[in-house]
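Peer 1: Sequence order for the protein chains is A and B.
Per the working numbering, the first sequence runs over residues 632 to 1029.
Per the working numbering, the second sequence runs over residues 770 to 960.
These are calculated hints, taken from the structure and not from any lab test.
Fair warning: there could be bad hints in the mix.
[Claimed, not checked] Have a look at the derived ranges for each label pair, beta carbon to beta carbon: (1) A:687 / B:783: 50 to 56 angstroms; (2) A:1013 / B:956: 25 to 31 angstroms; (3) A:650 / B:776: 53 to 59 angstroms.
[Stated by the list, open to error] Derived coverage of chain A by chain B (criterion: at least 3 residues anywhere in the stretch with Cβ under 8 angstroms from a Cβ of chain B; other residues may be distant): (4) 639-648; (5) 667-679.
[To be verified] Chain B residues, not near chain A, derived (Cβ > 10 angstroms throughout): (6) 779; (7) 781; (8) 786; (9) 846; (10) 852; (11) 858; (12) 877; (13) 880; (14) 960.
Every residue gets a Cβ at the ideal spot worked out from N, C-alpha and C, and that includes glycine.
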Amino acid sequence: MPSPDLIAPDRLEELLGGAFPEGEQEARLQGLARELRAEAPPAPPTLLERVREIGEQPPRRRRINLLPRRQVLALAALVLCLAAFAGLLSQVDAGDDDSADSAAAEVTVEAAAVEESADLAPPRAMEPESGGVELDAGKAAQSDQRSALSDMQPRFPPLDRATDVKLWMEVRLADAEELSDAANESMTITRELGGWVAGSEIDTQGNEGRAELALRVPVNRVEDAIVRLGELGTVTGQQVETVDLQAAIDRREARIDQVERAIRALELRLETENLTAAQEIDIKLHLADRRNELADLRRENRSDRREAATSELTLALHTREAPAAQEDDEGGAAGAADDALRFLGDAGVIALFLLIVLSPVVLIGVLIWLALRSRTRRIETRILERQAPAAPPAPPAR
Amino acid sequence: MGRRDETGALRRMRVVNALAPPLPRRAPLRRGFAEVAEEHLDDVHRYLLMFTADHALAEDLSAETFEKAFKSWRRYDPRRASERTWLCRIARNVALDYFRSESRRRKREERYALETAVAARMPDLGFGPELEAALATLSAGEREVLALRIVLDLDADAAARVLGIGRSACSMRLARALGKLEERMAADALA
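One chain only, chain A, in its complex shape (with noise of 0.2 angstroms):
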């Protein structure tokens, strides 16, 4: 079938708005369209009824639905970014300790390796009066930092009371000499105080480095290791581990005195008792007993004395920055900068970490509706096209 000529668009719009036709064809197209318009049907009385009926229905109340459609795919993509998130930070996290670990494990600078064992290092009595004195003289401008230290020292039990105090401590220095200078002052410190090193491990990497010193200290001098330990650099952390010895002492003491007792009255029997050959060995069987009891119990003792005679004493050095020290030193513009820089940072790094995860899903997303659209489109063409929508296509001709 030839194509019909076609009126311009911008004529069709003019003719349909009323404009004098010129020619033949423009006033048969303005006729068709006054019959369409003219004779088009009114809507039938039954239907006039039903639409009667759906208005006269009362006000339908607006639904309070408490997790809407939208809020629930917010807050599932807010628990989303929060999970991604966390995982980062976590990756993040375990990222750095790896790379720390296998830098240090690779490029370890013993830079003081002093590995002394307790047993055979014992302490050497310094003149720690002195030392402390010359020590407080050349670090007089310390004196805030040592109040406060002071002020966060922890309470240790009394001195009568034999104690075992394992004592951790975390301190930050600005770079690698200095946690060197610092562990060698420690040492210095130690021995000032009537205490020795038990070990020591230092590693340095270029500018930055830890170190882990065990010390042993005077349980009468530990309050003054702290803050004289603590003057080295930034207290970043502490941690006081207290048992008590003492009742155990005691109950030791207590049996001790039973056994020597114990001891007093077999001796007491084979010396004045007429006793036959069976029961003299028998007392001195008993009588070997209690006194291997009785070493065992003084043995025993010594060691816990000699355990709280010192204290124990972790001294970690590092020269990692700690975020909230470093929040604490900034202040003003210079701190809001950095902050806001390093939030524009974290909120880089997220987003980052989100469109890597999830492009492909939102690509897949996408492209799920593009297809679905094209293919509505397509559906939506078809019955278009068709004369009546509800009758299939006709079949294509032979």
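Based on the hints, put chain B in the right spot on chain A.
Peer 2: This is chain B only, laid out in the frame that chain A set:
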């Protein structure tokens, strides 16, 4: 004295008017749904009748259109579209949904009945016999644009919005449909 006071009062009033913030634009008053439905019932029915070419179906789809419209009446924003355009858009979606589901249903049935004789129905749109015969040669999409632009007298923008196409595409579709109809009518007249 009195004149000077009056001038001063007027001046003050002008200053106040100049400084006062403009009153917020009031949304157009909304009519009741029943009133709107009765007013546009004929238009919606005519549109659907032209689109479906089926009286009973057009009636059912019209009723469904108004049910849907009633449910979403609260969400209707008069600033975005006129009531008639909004109702026609709903009617179109209702009709297309129906035809899609009908198409799926028919496909399912055809799987079990290979020989399906579908009698081509002659549309009964309520026009004169010549016009009716000419309209029967048009596709649903062509009848749809005729219904919107000519029978309902929607302007090009509103019709384009209902159809989900651009203004020029809508005009082109109308020109094609009207030209085809005119040609068919002329051919019938010659015969």
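Peer 1: Now look at each hint and say whether the structure bears it out.
Peer 2: So, going through the hints one by one against the coordinates:
At about 52 angstroms, the CB distance of residue 687 (chain A) to residue 783 (chain B) agrees with the hint of 50 to 56 angstroms. The hinted range of 25 to 31 angstroms is satisfied by residue 1013 (chain A) and residue 956 (chain B), whose Cβ atoms lie roughly 27 angstroms apart. Between residue 650 (chain A) and residue 776 (chain B) the C-beta distance comes to about 55 angstroms, which sits within the given range of 53 to 59 angstroms. With a cut-off of 8 angstroms between beta carbons, the segment 639-648 of chain A has 6 residues touching chain B; three or more are needed, and the interface restraint holds.
Coverage of the segment 667-679 of chain A by chain B holds [criterion: at least 3 residues with CB-CB distance below 8 angstroms; count 11]. The beta carbon of residue 779 (chain B) sits about 47 angstroms from the closest Cβ of chain A, which is more than 10 angstroms, so the claim that it is off the interface holds. The beta carbon of residue 781 (chain B) sits about 46 angstroms from the closest Cβ of chain A, which is more than 10 angstroms, so the claim that it is off the interface holds. No Cβ of chain A comes within 10 angstroms of the Cβ of residue 786 (chain B); the nearest lies about 39 angstroms off, and the non-interface call holds.
Its beta-carbon lying about 16 angstroms from the closest one in chain A, residue 846 (chain B) satisfies the requirement of being farther than 10 angstroms from that chain. A cut-off of 10 angstroms between C-beta atoms confirms that residue 852 (chain B) is not in contact with chain A; the least separation is 13 angstroms. Interface exclusion of residue 858 (chain B) from chain A stands, the closest Cβ pair being 14 angstroms apart, more than 10 angstroms. Every beta carbon of chain A lies more than 10 angstroms from that of residue 877 (chain B), the smallest distance being close to 13 angstroms; the non-interface claim holds.
The beta carbon of residue 880 (chain B) is kept farther than 10 angstroms from every beta carbon of chain A, the shortest such distance being approximately 13 angstroms. Distance check on residue 960 (chain B): its Cβ is at least 14 angstroms (rounded) from any Cβ of chain A, clearing the 10 angstroms threshold; non-interface status holds.
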